[in-house]
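Novice: The residues making up each chain are set out below.
There are 2 protein chains.
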Amino acid sequence: MYFATSNENKVREANRVLRRYGIEVVPLRVKKLELQSPSLSEISLFAARHAYIVTRLPVFVEDSGLFVEALNGFPGPYSNYVFRTLGVKGILKLMSRVSNRRAWFESAVAIVLPPYEKVFVGRVYGKIAEQARGSGGFGFDPIFIPEGESRTFGEMDIDEKNRLSHRALALVKLGEWLKSSIAQFKQALQAT
Amino acid sequence: MYFATSNENKVREANRVLRRYGIEVVPLRVKKLELQSPSLSEISLFAARHAYIVTRLPVFVEDSGLFVEALNGFPGPYSNYVFRTLGVKGILKLMSRVSNRRAWFESAVAIVLPPYEKVFVGRVYGKIAEQARGSGGFGFDPIFIPEGESRTFGEMDIDEKNRLSHRALALVKLGEWLKSSIAQFKQALQAT
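If you read the sequences in order, they're chains Z and A. Heads up: the first sequence runs through residues 1 to 192, numbered per our numbering. Heads up: the second sequence runs through residues 1 to 192, numbered per our numbering.
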């Protein structure tokens with residue numbers, strides 16, 4: 001199975017999850033066509049259609065973002081851009097003197113395997129920390145504290161974070177779907 | 001000439017500019033495919049290609065944004081989304097205690113008329129006000145003071161703002177190009 005990404009960490013994370021389903025993940029460098037949309041599902045599905053049309057390979061794409069409730073979902077789908085321009089400090093400034101600190105990380109994994117088009121979503125709820133803590137992970141990890149934890153994602157080691165992560169949740173759903181689809185396919189073959 | 005937009009104000013503004021070149025602008029409701037990109041030119045050109053492929057009509061698209069120097073260009077191409085989520089107050093909060101208040105509005109007008117693909121860019125430089133002033137215009141107009149002015153765009157009437165606007169500058173370039181292209185085309189016809 002191909003994964004349209006140039007991020008080695010994401011490939012490693014996908015392999016760790018999908019290996020359990022007997023699936024090996026290989027990175028595929030294809031231009032990822034990302035739409036502007038408030039919906040990660042719409043963005044990832046469009047990118048998956050484009051990747052399939054260009055490559056005709058079994059390829060999935062993943063898109064993720066941090067959604068802050070008090071900021072009406074900002075930065076959401078534009079988390080990468082906002083990380084590069086405002087950074088962690090910008091989010092903390094926007095959240096200064098804001099008491100509602102609820103937020104979630106969302107990941108949308110999309111795959112186009114005609115006649116199927118599927119999007120699998122994973123979410124981790126939590127809150128925005130008062131200040132950045134930890135140097136693990138990447139992006140907004142140092143200011144996100146998942147529910148039931150006192151540490152930020154930035155303070156966890158990668159295995160620990162991946163056990164809890166939005167991306168792992170979405171990838172598990174992909175794995176389950178592939179497993180049952182493959183089983184059905186084999187059954188159909190045997191019936192002929 | 002068709003304008004792929006559902007914004008009546010933009011159509012009025014385009015007509016005011018392009019009438020001088022003998023061009024009438026008609027709004028065209030076609031889904032505008034907007035990419036994620038830090039470049040308005042790239043976004044508008046991609047959308048113009050898509051609009052042309054879908055409609056086969058002489059259609060132009062326009063995309064604009066506010067770029068704040070101290071925020072590394074934020075909100076830039078995502079100005080609409082940022083206006084809806086953070087609003088004017090969010091930008092003012094990010095800019096509190098920031099002394100470099102330089103900013104610019106940019107507009108990119110793109111047109112695909114095979115074999116031509118053109119993008120015309122207009123910019124207005126200025127600065128971010130300390131607080132919102134005026135109720136004219138829309139979006140971030142109440143916090144933008146153009147160079148050589150003391151009032152914000154929000155404090156100007158629409159005709160006055162349009163004389164200075166980034167969008168008008170880009171549309172003038174479109175008008176000039178269309179005028180010279182049409183002249184060349186007529187000349188070529190007469191030569192045959």
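Among the clues, some could well be false.
Claimed, not checked - If you want a taste of the chain A side facing chain Z, the calculated C-beta under 7 Å gives, among others: (1) GLN36; (2) SER39; (3) ASN72; (4) PHE74; (5) PHE83; (6) VAL88.
Simulated from the structure, these hints should not be mistaken for laboratory data. Glycine included, C-beta positions come from ideal geometry on N, C-alpha and C.
Novice: Against this structure, judge whether each hint is valid.
Specialist: Results for each hint:
no.: 1; hint: GLN36; in the structure: 4 Å, holds
no.: 2; hint: SER39; in the structure: 12 Å, violated
no.: 3; hint: ASN72; in the structure: 4 Å, holds
no.: 4; hint: PHE74; in the structure: 4 Å, holds
no.: 5; hint: PHE83; in the structure: 11 Å, violated
no.: 6; hint: VAL88; in the structure: 13 Å, violated
Of the numbered hints given earlier, the model fails hints 2, 5, 6; all others are met.
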